[in-house]
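Q: Going down the list, the sequences are from chains A and B.
Residue numbers for the first sequence follow my numbering, so the first one is 126 and each next one is one higher.
Residue numbers for the second sequence follow my numbering, so the first one is 1443 and each next one is one higher.
Worth flagging that the hints you see were computed from the coordinates, not collected in a lab.
All C-beta atoms in this analysis are idealised placements derived from N, C-alpha and C, irrespective of residue type, glycine included.
A hint or two may mislead.
Derived EDC-like pairs: lysine to aspartate or glutamate, alpha-carbon spacing no greater than 16 Å straight-line [said to hold, decoys possible]:
no. : chain 1 : residue 1 : chain 2 : residue 2
1   : A       : K144      : B       : E1617
2   : A       : K144      : B       : D1549
3   : A       : K140      : B       : D1622
4   : B       : K1548     : B       : E1614
5   : B       : K1452     : A       : E187
If the Cβ cut is set under 8 Å, some of the chain B residues that face chain A in the computed set are [claimed, not checked]:
no. : residue
6   : S1459
7   : C1463
8   : L1535
9   : R1667
10  : L1669
11  : I1717
12  : Y1726
One letter stands for each residue in the lines below.
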Amino acid sequence: MTRSISAAAKAPLGKRILKNWQLYLFVLPAVAYFIIFKYVPLYGIQIAFRNYKAADGFFGSEWVGLAHFIRFFRSYYFGTVIRNTLTITGLSLLLGFPVPILFALLLNEILHTKYQKLIQTISLAPHFISTVVMCGMLIIFLNPTTGLFNHIRSALGLTSFNYLQSASGFKWIYILSGIWQETGWSSIIYFAALAGVDSALLEAARIDGANKWQRIWHINLPVLVPTIVILLIMQCGSLLSVGFEKVYLLQNDTNLSASEVISTYVYKVGLIKSDFSFSTAVEMFNSVINCILLLLVNFIAGRLGETSLW
Amino acid sequence: MRRNRFDRSKDDIVFDSINYCLMTAVLVIVLYPLVYILGASFSDPYKVASGEMWLYPVEFTLEGYQYLLKYSEIWVSYGNTIVYTIAGTILNLVVTLPCAYALSRKDFVGRGWLMLLIMIPMYFTGGLVPTYITVKRLGLLDTRLMLIVGGATATYNLIVSRTFFSSTIPMELQEAGVIDGCSNWKLFIRIVMPLSMPIVAVMAMFFGVGHWNEYFGAMIYLKSRSLYPLQLILREILIQSEVAAEMAMVDSDLIESAARQARISDMIKYTAIVISIAPMLLVYGFLQRYFVKGIMIGAIKG
């Protein structure tokens, strides 16, 4: 039985490695990918502390310490991009996070299985629409004279409004369209967890006279709590990350004051103005804060309850 | 479950009625914009602009699609996207599934370290510029190859697949294979893979959609227009409105008003959206049976 898969690890290490030599070939391409496209750039992150020159390479460029970070903290954009980023992610968390939970709980109560499946299938569809098309749809729909939204406004007796030219409207467009596109998708994980609810418990509660609302509140929702906590921790870990694509595509000169976020700033400074080291410093600052937030929230959650990421 | 339908309390009947209305409203909110766009792509653009088209086509026309057909660049990019999607997805599966399987094996020495290697980039990466410089040094800038190998695998998908293998392929079966003298390679191909079609479908869909919708990587790494994928051309049509306006201009032999050009440009946008979304939604429709099931397996335990 030396070739057994689950046998206790009695054989010497070398033998256990040799026995499964083919498995190392299985992981080779993926490992190569991670090293080339993830770890080499990670090594290159040191240019945040250097003045990068292509001729000198990652390691050979002049060392300047924290100069780029200090320049970022002192720059006019620092406050703006941080504020915009936090506004968008904070509101997304506040509004976008509970919606999939609510949707999963309510969908779970639909008694006709076929109708339930239909709703779920269709609610997932918007997830497959690309960001470019999503933004294109928003631009068409929000057009002040020809767009669907303003046709609806005028049908309701309201005057037309140019949402995309308004700085204060930007975050709402971003968040509400995000809810439209991702609610079905995000709810899958909750919906799956609800399959684990003890049906005997539900039946007992029903016989004891608990109505549906009470059963959801006292039985179904508690089942979701571990999942909710884990996802919440992960969301908090990305409070300083707004996806680049959608913001960039919806940006225009008029809403820029509210729509310039860290990732779009990094792109513009780094690849358009070719200020490589500064841009890398900004992004590194962002990653570090994200990691700290993640660890912090994970620590707090671990203290408060049983659930944490690790 | 079924019994509940017949002996519900009064409270529950109220709850259900509200819930059914609510869920039906969700259905309408999700579907309406999509149906509207489909309708608008077949309608007279003036009727759409003035708000007379609400659901189904008004003054049916195929004009928008005719304009689009003449626009060769979009079809070149469509072809590029198909190439990137098919080649990219095949590579994704070949890289991801064997690795995920190896990671699911408890007797695989070093799997803890490998997991760490794979997890770290999820939280900490070199970022945009160092990655760009690396790609440039590799000579992959402005090549088709970059769009295919640039995302050869993904941490999240690796973990979902690993969870699938470790939770659905019975250990006893693999043991039996080993006793019969199967090598790991044969075990994977002959025994594990045939039982893993749901995860293959889900991964093909995840990666495939990613390639089809890819725009950021293409924007950064590609310069030549002949290599552009569909999404970059769509961006010009939908967001920057340049191409659509240009096409409308070129096509009009008569001197036409700006308003007319704007209407044609709108129509081209609606049709462009339809031709870009349709394939994804069709594939999703076919695969969705595996889909929810496959995601759930990964979601619960991952």
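Q: Look at each hint and say if it fits the structure.
A: Hints, verified against the model:
In summary, the hint linking K144 (chain A) to E1617 (chain B) is supported, as the alpha carbons are separated by about 14 Å, within the 16 Å threshold. Taken as a hint, the K144 (chain A) and D1549 (chain B) pair is honoured in the structure, with Cα atoms around 10 Å apart against an allowance of 16 Å. Straight-line distance between C-alpha atoms of K140 (chain A) and D1622 (chain B) comes to about 20 Å, which puts the hinted pair past the 16 Å bound. For a cut-off of 16 Å, the pair hint linking K1548 (chain B) to E1614 (chain B) stands: about 13 Å separates their Cα positions.
Between K1452 (chain B) and E187 (chain A), the direct Cα distance comes to roughly 76 Å. Violation of the 16 Å bound is thereby established for this hinted pair. Below 8 Å, beta-carbon pairs count as interface contacts, and S1459 (chain B) has none with chain A, the closest being about 11 Å; its hint is therefore violated. The criterion of a C-beta within 8 Å of any C-beta in chain A is not met by C1463 (chain B), whose closest approach is roughly 11 Å, and the hint is violated. Below 8 Å, beta-carbon pairs count as interface contacts, and L1535 (chain B) has none with chain A, the closest being about 11 Å; its hint is therefore violated.
Taking 8 Å as the C-beta cut-off, the interface hint given for R1667 (chain B) is violated, the closest approach to chain A being about 16 Å. A cut of 8 Å between beta carbons decides the hint on L1669 (chain B): the least distance to chain A is about 17 Å, and the hint is violated. The beta carbon of I1717 (chain B) comes no nearer than 10 Å to any beta carbon in chain A, farther than 8 Å, and the hint placing it at the interface is violated. Because the closest C-beta pair between Y1726 (chain B) and chain A is about 5 Å apart, less than 8 Å, the hint holds.
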